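As a plain string of letters, each chain reads:
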Amino acid sequence: MDILNVQLQDGALAAAFFVAVFVPALAGILLGMFFRSNRVANVVASLCIVSCISGASTYFLWNAGIDLSYTLPLPSAAGQYMLSIDQLSATMISFSSVIFMLIVVHVVKSTSDSGCKYSALLNTLFLACFSCMAADTALVLLLSWEMVTLVTFLLSKNGDNEKARWLFFVIAHIGGMMLICAFVYISSVAGTQILSQWRDLGPSLGDMTSTALVLMIVLGFGSKLGLIPFHAWMPNLYASAPIHTTALLSTVCSNVAILVLMESIFTYIGVSPSMSWAAFAIIALAAATALWGAMESLVQKEPKKILAYSSMENMALVVLCMALGAVYIGESPVMAKLVLIAAMLHTMNHAVFKSLMLMTIDTVEDCTGEKNIGNMGGLSKTLPVLSVVAIVGVLSMAAIPPTNGFVSEWLMIQSIMGADLESKAMSLLMPLALAAVGICGMMMAASYARLYGFVFLGRPRSEGMKKPRPMKKGTVFPMAVLALLCLAMGFFATVFMDVLTSGIESATGIPSGPGYRSVMSGELLPLLLGVTVTAVLVLLLWAFRKEKRKARKTRTWGCGEKLDSNMQYSSIGFSQPLVKVFHPFYGDTSVVKESGDKDNKTLVMEFSEPFVKYLYRPVAAIVSVLSERIGRIQTGNIQTYFGYMLATLVVALLAVRLL
Amino acid sequence: MDQILTSNLIDIFAVCMLLSSVLAMASVRMRPLIRLFILQSVFLTAFEFTVAYSQNEPEIYVMAAMTFGIKVLLIPKMLQYIMARIKVDDEMALSVGIPGSMLLSAALIIFSYFVSEPLIITLDTAERNSLVLSFSIMLIGMLMMATRRKAISEVVGLLMAENGLFLGAIALSNGMPFIVELGAFFDVLIAMIIIGIFAFRINKSFDSVDTTLLRRLKEE
Amino acid sequence: MNYAEVAIMLMQAAALILVSPLVAGIIRKFKALMQNRVGASVFQPYRDLLKLFRKETVVSENASFLFRAIPLVCMTSMVLLAAMTPFVYSGVAAPYADVIAMVYIFTMFRFAMVLGGLEGGSAFGGMGSSREAMMSVLIEPALLISIMTLSAMTGAGFDITDISSSIIGEGAAAISPALLLAGTSFLITMVAENTRVPFDNPDTHLELTMVHEGMLLEYSGKGLAFMEMASMLRLTIFMALFGTLFFPWGTAVTLAPLELATSVVTIAIKMLVIAFGIALLESTIAKMRVFRMPNMLTASFALSLMAMISLYVL
Amino acid sequence: MIATIMVLVPLLAGVLCLLPLGTKGLFRISIAGALASLATVVYCCISPITGTVIDTSIWYIDSLSAFFLLISGFVSFVTLLYSKDYLRTEWEEGRLNAKEMRWFYLTMFVFVSTILLTFAVRSAALTWIGIGATTLVSAFLVGMYKDESATEAAWKYILLCSVGITLALFGIALLYAASSGVIPGDGSLDWPALVANAADLNPVFMKFAAIFFIIGLGTKAGLAPLHNWLPDAHSQAPSPVSGMMSGVLLNCAMYGIMRFYTVSEIVNPGFASNVLLFFGISSLLVAAAFILISKDFKRMLAYSSVENMGLIAIGLGIGTPLALFGAMFQVLAHSICKPLIFFCAGNITQIYKTRTMSLIRGVTEKMRFTGFATVAAGLAIAGAPPFPLFVGELLIISGAIGAGMYVLAGLLALILVFVFAGLVLNIFPMLSGTTDREVSEPVSLLRKGSLALLIVAALFFGLFMPEMVRDVFDGMVLILSGGTI
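Protein chains in written order, with the working numbering: chain W, 15 to 673; chain A, 259 to 478; chain F, 1027 to 1340; chain Z, 7 to 491.
Bound-form chain W, shown alone:
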């Protein structure tokens, strides 16, 4: 590597890298805007893949010791355009670029008529995410964060889903406004706009304000990650938006949000013991979000909505770990480092298995035309390849040992329990956090079992399921790669943990002690566990392989009855016991619907989304009543307008005279 440094001056290589990232995407955008044919759409998408590949090489370039920073000569009205990449953002950038690339490959392969506009917007989204992660001035961070929201809004156009898109855009903008106020305040106190110069501004900001700022930043990013008050947009948008937008939104955009959230809390503001009550508040909020997400995902009728609530739950767990990190950093920094590693690793794992599952569900809907999980089922016989890929995704989501989901959940529990804190109140936190993670983990496992069981197993419940269209050739490739990635990250998790450890050490300033290994109490390495599980499985398979007679195929046992398709258990039936257990939270009502002739009635369980009912609707009602009342001042009669002018003049003169 040193030959490289000698010949090419550092700056030139960095500039070459940034050109490799930005130029193909920009070319793609221009092409996409002016042409409309499908061929051009593929060209634009491949340009996007080129910039994703150069994005993926970020970590290796960083490792080679090249200082990746660049300042655009042309400044903007509100500051400079500066990019610089440190180790943690390099890891996240290259990882997210790989995920982005796989999703774009799926776009090219699956949708035939996606059109140039869509691919052009994909390029813009990649650039926005890249510059958000690599931002070095508050302006670039805020601008690219809002651009990510804007492009996701434009990308989510699918038929007439205006309401869902609007709700997403407004909530994300509320979050954006919070971030603007927070970062503008910090840059006014820090005196400089350059983010890399912001180091532990907590003391200079003062205790109260730094806590308030941390809360604002968490809620600002929370609007995109789906923390409790802001999660109302997720299920509708996930269900109605095109699948690749949802995949990008839940994976790449969440990676961006988590990375910048981590850097803002731990690097820019720095955590001080005075922030403990704020950390408690965030832990409570994250735990509530995780529990709510887990509970809601059990009763959803559309697979995409199940995945929406699962994203919400996973991201809530990550925010929970970060808040725990903030609590631990005071007493046991080593354990705080492990919690943060667990959080970042879980974000990366979540990106992998969520995009895999979203692609699978999209292929299911594409091939069978069915949207409701109630009439799905039996796909494993008709689409075996898809169900193999799906089972890997489901296993890693449900945190079953050999896969990557297990590794990050295992790390999380270790770090939650590991810290030895003096103050009793704080250590009370650990059992509660453990209980939350435990319950959410198991509920999500039940929900994923329901998802897989009622989509792939059992008998087909509708015509579309019996004879699905064959999968488009080539769409399996990105899914297979993601499945392998799930398993690889399960087996070789230590590689990723090493990279993340040094990244977090540099970002959070925790003294760089020995690697993560000393931090983890047990020596059980994920690799060892994975290998043992597979070894025992293969051993058993081999030991009992010889079959005396060929297996006989018969009908499923139905006590002699000939079972037809709707004598199976239904998906809502599966979660009905759990709904009965958690009834007070669900607020579910069972409604008897008469359809057509008198005698056949159907019992339908309806779930009210309490946040929408008790929070969003009253706010909307108040706003419309208020604006109705203000609306009355425009009466249309010119006399009243003169009256307003006279009144204003009189009031103003009075004010001058008295003040």
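Worth flagging that the hints you see were computed from the coordinates, not collected in a lab.
Given the structure is predicted, the values throughout are model-derived calculations rather than measurements.
It is possible that some hints are incorrect.
[As the list claims (entries may be wrong)] Here are the computed lysine-lysine pairs in the BS3-like style, where the Cα-Cα straight-line distance is at most 30 angstroms:
id, chain 1, residue 1, chain 2, residue 2
1, Z, K105, A, K462
2, F, K1313, W, K564
3, W, K131, W, K486
4, Z, K359, A, K462
5, W, K627, W, K567
6, F, K1081, W, K567
7, W, K567, F, K1077
8, W, K123, Z, K372
9, W, K131, Z, K105
10, F, K1081, W, K560
11, F, K1081, W, K576
12, W, K487, W, K177
13, W, K177, W, K131
14, W, K560, F, K1077
15, W, K177, Z, K372
16, W, K594, W, K607
17, W, K486, W, K395
18, W, K315, W, K560
19, A, K335, Z, K152
20, W, K594, F, K1313
21, W, K385, W, K131
22, A, K462, Z, K301
23, Z, K152, W, K177
24, Z, K359, W, K177
25, Z, K359, Z, K454
26, W, K123, W, K481
27, W, K395, W, K319
28, W, K319, W, K615
29, Z, K359, Z, K90
30, A, K462, Z, K152
31, W, K564, F, K1081
32, F, K1081, W, K395
33, A, K462, A, K335
34, Z, K90, Z, K301
35, W, K131, Z, K372
36, W, K131, Z, K152
37, Z, K372, W, K627
[Claimed, not checked] Below, a sample of chain W positions facing chain Z; criterion: calculated Cβ distance under 7 angstroms:
id, residue
38, L44
39, F48
40, D174
Glycine included, each C-beta is placed from N, C-alpha and C at the ideal position.
Assemble chains A, F and Z onto chain W, guided by the hints.
Structure of chains A, F and Z alone, referenced to chain W:
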């Protein structure tokens, strides 16, 4: 005529102007309204004439002549021509009854005394106490626009407010620089012409000049 | 990772696998005696398993590729767990001593069973899986927290060997409220996890009551044998865990032959006592209604949570 | 001398329009006139923008007035480009006859010249006369369509603004009274002279002058409780006119307030800014409410102009250099984005023949380019990132935070979110969905060119601010805070 007489005359003319605008508020018909406006403009000209004489400022003479020419002769002629063409009925629709507008005018006069009190202390021109009167004439003019429903009465309200303004300008600093006065006059004149044109249009499309009919543009 | 310990670990795994059908037989024998009937011989489970191994596998037409994999996955997870549980000798080879991994392997077993239930597409399998999912949401956290209480109590991190050896080391002082609460919660979880009487009747095939049996309904031949063996093994592992973690006195801490002998005797007595307890429970209490179960399970979850909180509060 | 040419060229073009040429000749003259006036404005403003002030007889052009002149020149040029095809369609569909079109171009060119006059003159009185003249001329433009609602809108526009102008005149009388003792001769109302020896003007007079001046010109600038004429005038006027009015006419009144603000801040600091803050916040509140409930497309855009003027008033009200920079950038951003959205609205309402938003659906499907332009324009006025209004709002909020007014910054952020939600809620449903009307895209290249030109300008200023432009803004902030270059 020595100093005391001129200052008394100035105050008398200013008070008469206020009186005429209060009477205008009390009038019920359109024709007397215009006659009162002419009366007020005459008093304004006389006021300017005496000020010009006492301060022997040549410019104010020209201003007096122009006020007389435009405000006493030309604009009333125009208003009557419009009234004749539109054949508007003489009834003046009041949205606030006579007693109500009287009370409001009195309140406005007291209010302008209270408000302009700091101004008067610092003023040094002879006609400073007519500043209060100019304030009240302006406010009453605006009150008329706010409470009368007929388009013509609104225009007259505006003109009376402008008379108050010119009175104020002279009271403040013996009149503004000449080109400003000139500009103001022309501005008033053109405004009247354009308002007249649009009054014709309103009458043609609504076949009445009652502005309450102009109610279509509002937030449903 | 010294090889003596690995050898001991494999021997213990083999011992556990061989002993588990015997334990099941003994429980059935106790129940028979309590209901004053003679009952099948203690070794009857062995004969059943051998018979199943020889029988022909019948596969439903809706079954997918998972049908063959699930029995194997269940058996693998239980064999792995058998290796990781201290049975006679409390030391488990270093890398495999992780407690949290054990809990997650339990989840792996249960996840496979639930998917297996949904496989055939029959109402019984669906009902079994749905009830199993409901129960697992409440059992799993209780199990996790009770074991975590031990690791927090002894401060030994997540290494199972350290936990049992430090409790043995503390002797009588270890009997603290935390240990008692965690122990009771663990017992309730054991009975619930292995679907014994108050939660589900293992001996009957009456459709409405089956939770565990419902999921096995579709399997036959070698698959059914694996799953039956895995369930029996699970019960024995739970007993071994209780014996060596919550009531560890008597388990061998070093590899001295005398200690190993005494620990064999003590673990045998402990398992007999637990077996008798289960048999007593099954013949005296009737099966609980399905929707009364959550109260019992939340009680166990609350117990384990209080156990851990008591550690910090007292 | 060059300034007089600048003002006279549009007048000349207006007169030329009266020649009895056919409509083709009329259009050709209008484009030529637009080019000529743009060229003269640019030529005249080159030197003052870089700092050397033009200080001849009645003209006084420093970087602040040059900035406004350039904006008005550019916007009127684009408007004239756009209105060529707009009028041709109106003429073909019989809503305007040839005579009215000729009359339209005459009043438009006179309108442009009065605006240029207002920015370029030295004395406050002449600025007042210029503003009065723009009102009278634009009244005809508002009342162009002879139907009832256009007449009503023009009637209200004239009357309310004449009252405003009268109050402003009294403000000038008070200003003159305050400055006549201090500054001898007839230069006593010149802005530079006023700023030079503002210190010893009489503070009591200046307070009253501020009240009358800000209320008078506030009516013209559309600041709340006095804004009632604005939605009617902008919704009834033809779209090029409403684009021109909200893009440039409101700037005239704001320019008058800014000049007065500079003088008043020196005499009694903090008084005028508090008044402006009050008006700014009330405009934001009123505009946010109306945007949420309005059903008519152009009325909603008019209320968004009220909101932007409120923001500029708040920027002035805060008073710190950063806030002033934010206010001036907001002026530039608003003057580019507002005409853009009005022209898109013009295309849509002209083709769909309705202004009610709920009846308009499927714009991107039927009119591809206008759909794309409306997406860009909608995002621009809502304040979404790549466009300048986002940066303007960012600067004003940071100005508020920098000046320690955290409650104000919080309030601003909250109201801007509601405005954002209202605009997106109303505009984007129109673009998606399908419609069964047989609607076709206006094909004229000039119309598309003008829209594209505005989008490129908006994107450029949204993302970049070259050093040279930054110096212009710094010069203006210096002028506004009382210094002279």
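Hints versus structure:
no.	hint	result
1	K105(Z) / K462(A)	20 angstroms, holds
2	K1313(F) / K564(W)	39 angstroms, violated
3	K131(W) / K486(W)	22 angstroms, holds
4	K359(Z) / K462(A)	25 angstroms, holds
5	K627(W) / K567(W)	51 angstroms, violated
6	K1081(F) / K567(W)	15 angstroms, holds
7	K567(W) / K1077(F)	21 angstroms, holds
8	K123(W) / K372(Z)	29 angstroms, holds
9	K131(W) / K105(Z)	44 angstroms, violated
10	K1081(F) / K560(W)	13 angstroms, holds
11	K1081(F) / K576(W)	25 angstroms, holds
12	K487(W) / K177(W)	34 angstroms, violated
13	K177(W) / K131(W)	21 angstroms, holds
14	K560(W) / K1077(F)	16 angstroms, holds
15	K177(W) / K372(Z)	22 angstroms, holds
16	K594(W) / K607(W)	21 angstroms, holds
17	K486(W) / K395(W)	18 angstroms, holds
18	K315(W) / K560(W)	43 angstroms, violated
19	K335(A) / K152(Z)	27 angstroms, holds
20	K594(W) / K1313(F)	19 angstroms, holds
21	K385(W) / K131(W)	26 angstroms, holds
22	K462(A) / K301(Z)	29 angstroms, holds
23	K152(Z) / K177(W)	39 angstroms, violated
24	K359(Z) / K177(W)	26 angstroms, holds
25	K359(Z) / K454(Z)	19 angstroms, holds
26	K123(W) / K481(W)	22 angstroms, holds
27	K395(W) / K319(W)	25 angstroms, holds
28	K319(W) / K615(W)	27 angstroms, holds
29	K359(Z) / K90(Z)	19 angstroms, holds
30	K462(A) / K152(Z)	10 angstroms, holds
31	K564(W) / K1081(F)	11 angstroms, holds
32	K1081(F) / K395(W)	26 angstroms, holds
33	K462(A) / K335(A)	21 angstroms, holds
34	K90(Z) / K301(Z)	28 angstroms, holds
35	K131(W) / K372(Z)	16 angstroms, holds
36	K131(W) / K152(Z)	43 angstroms, violated
37	K372(Z) / K627(W)	37 angstroms, violated
38	L44	13 angstroms, violated
39	F48	11 angstroms, violated
40	D174	5 angstroms, holds
The structure fails to meet hints 2, 5, 9, 12, 18, 23, 36, 37, 38 and 39 from the earlier list, while all remaining hints are met.
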